[in-house]
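S.K.: Got chain R; can you put chain F on it based on the hints?
Spelled out from the first residue to the last, the chains are:
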Amino acid sequence: MTVTTVQAQPVSQAPLSYRKNVAMLRGPQLATLRSAFHASMQLSDDRGWQYWAGVHGLPLPMYCQHHTPLFLAWHRAYLYYFELSLKELEPTVTLPWWDWTSSWSHQVGFPVSYSVAEAGGEPNPLAGGPINALAQQQGGAGAPDHTSRNPDDPASLPTAAEISQLLGLGDFLDFQQQLESIHDGVHVWSGGTMAEIPYAAYDPIFFAHHCMIDRLWRLWQLQHPTAGVPADLLAEALPPFNITVAQTLNVNALGYDYASFSSRTQIGG
Amino acid sequence: MAITFELELPAGDVRPELSRADLTFYGLDHSGPSYQVRVFFSNPNAGPDTPLNAGEGFVGMFAVFAHGGCFGEEGHCDVRPPVSPFDRRPPHPLVPIARYLTVTDAIRDLMGRDERSVTVTAVPVVRPSALATADQAADVLTVDQVALHTFE
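Line by line, the protein sequences are chains R and F.
For what it's worth, my numbering labels the leading residue of the first sequence as 343, then goes sequentially.
For what it's worth, my numbering labels the leading residue of the second sequence as 88, then goes sequentially.
Extracted from the complex, chain R is given alone in its bound form (with noise of 0.2 Å):
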């Protein structure tokens, strides 16, 4: 009998997956964006769009953990699993981060990307869309249909100068929590849907807003190398996902990274 073995490729080995800047997606990067959203957005099952939007809020268990000690590492977990649901629908695409510090989001607020109704010719799928019936049901009277935005000022956005003094931080916790608030300004920013925990994830800026949150996290672990998560924190399970807080922090285990800008050419087979 002959045995194949299967000689697994090194994590190191293994080419990451660039989460970029959403503000330099260029049009055939913009097109898989909103392609890998349009087909999640059709799948009605739980490989699809309605599932993952709902394992944050509505429909009840409400999975997501705010104002914990497991905020950031579970929010990494959501990411990291909603990403690979799309790369099975479209297999080269990251999710992008929005800069709601630069000059051009304290002038126009949202990427424009994310707001504009209709792309080639199309309903623009990162503008929105519908909530799940068993979600809107457990809403009650008022229970809103469909996503909104009610934006308000983009001059208030946090600044530059903020996320500086941020990434200064030695403490772990403390720079957490000072971060989740960042993060609960922008949501409260937002207005309509993603002003409440219970829909804000069926807004497709919901994840950029978050890639944001992760790059930071990212780019503070690259700063103070030495300072982590609590060791009593990293055993901790992330539900639903089979992934602990301790196999979060390493984002290049996870198969991907963080940059401005990135493109990649096959040459050869």
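Incorrect hints may appear among the rest.
[To be verified] Restraint ranges, calculated between C-beta atoms of paired labels, are given here:
#, chain 1, residue 1, chain 2, residue 2, range
1, R, S444, F, N140, 21 to 29 Å
2, R, L564, F, V182, 58 to 66 Å
3, R, P403, F, P97, 41 to 49 Å
Hints were generated in silico from the structure; no laboratory data involved.
For glycine and all other residues, C-beta sits at the position ideal for the given N, C-alpha and C.
M.R.: Just chain F now, with coordinates in the frame of chain R:
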């Protein structure tokens, strides 16, 4: 509804140089609509329309991204204690939270003027959202304690 209280400042012959001062609000509810808390010093009449500038005593704000109400059956959102010492479940998601606001420059300024206390006003603001109206600001802010922590 806004809350106003007197906050004691560091006093004594030896008052070391501050590197940071945090104003911490304990016992914040996050079961209802999301809200902002705008904090003013020496302006007990501050309200939701008060401009956010130093001249009005504004020292900063924080937001609470909240749960928007209860969507379960009766008792679903009652904060439950552990049922036994072996209860390994995480705390109930609606356990009241603490939030802090770093107000170093404002505290440094007050200490530089040898002030011994300051009047603090915290003004809740609810921006209209999918689940909330602005008038819900009237009862959204609950606070058990506020503490000032300073660091050298």
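S.K.: Which hint numbers does the structure go against, in order from smallest to largest?
M.R.: 2
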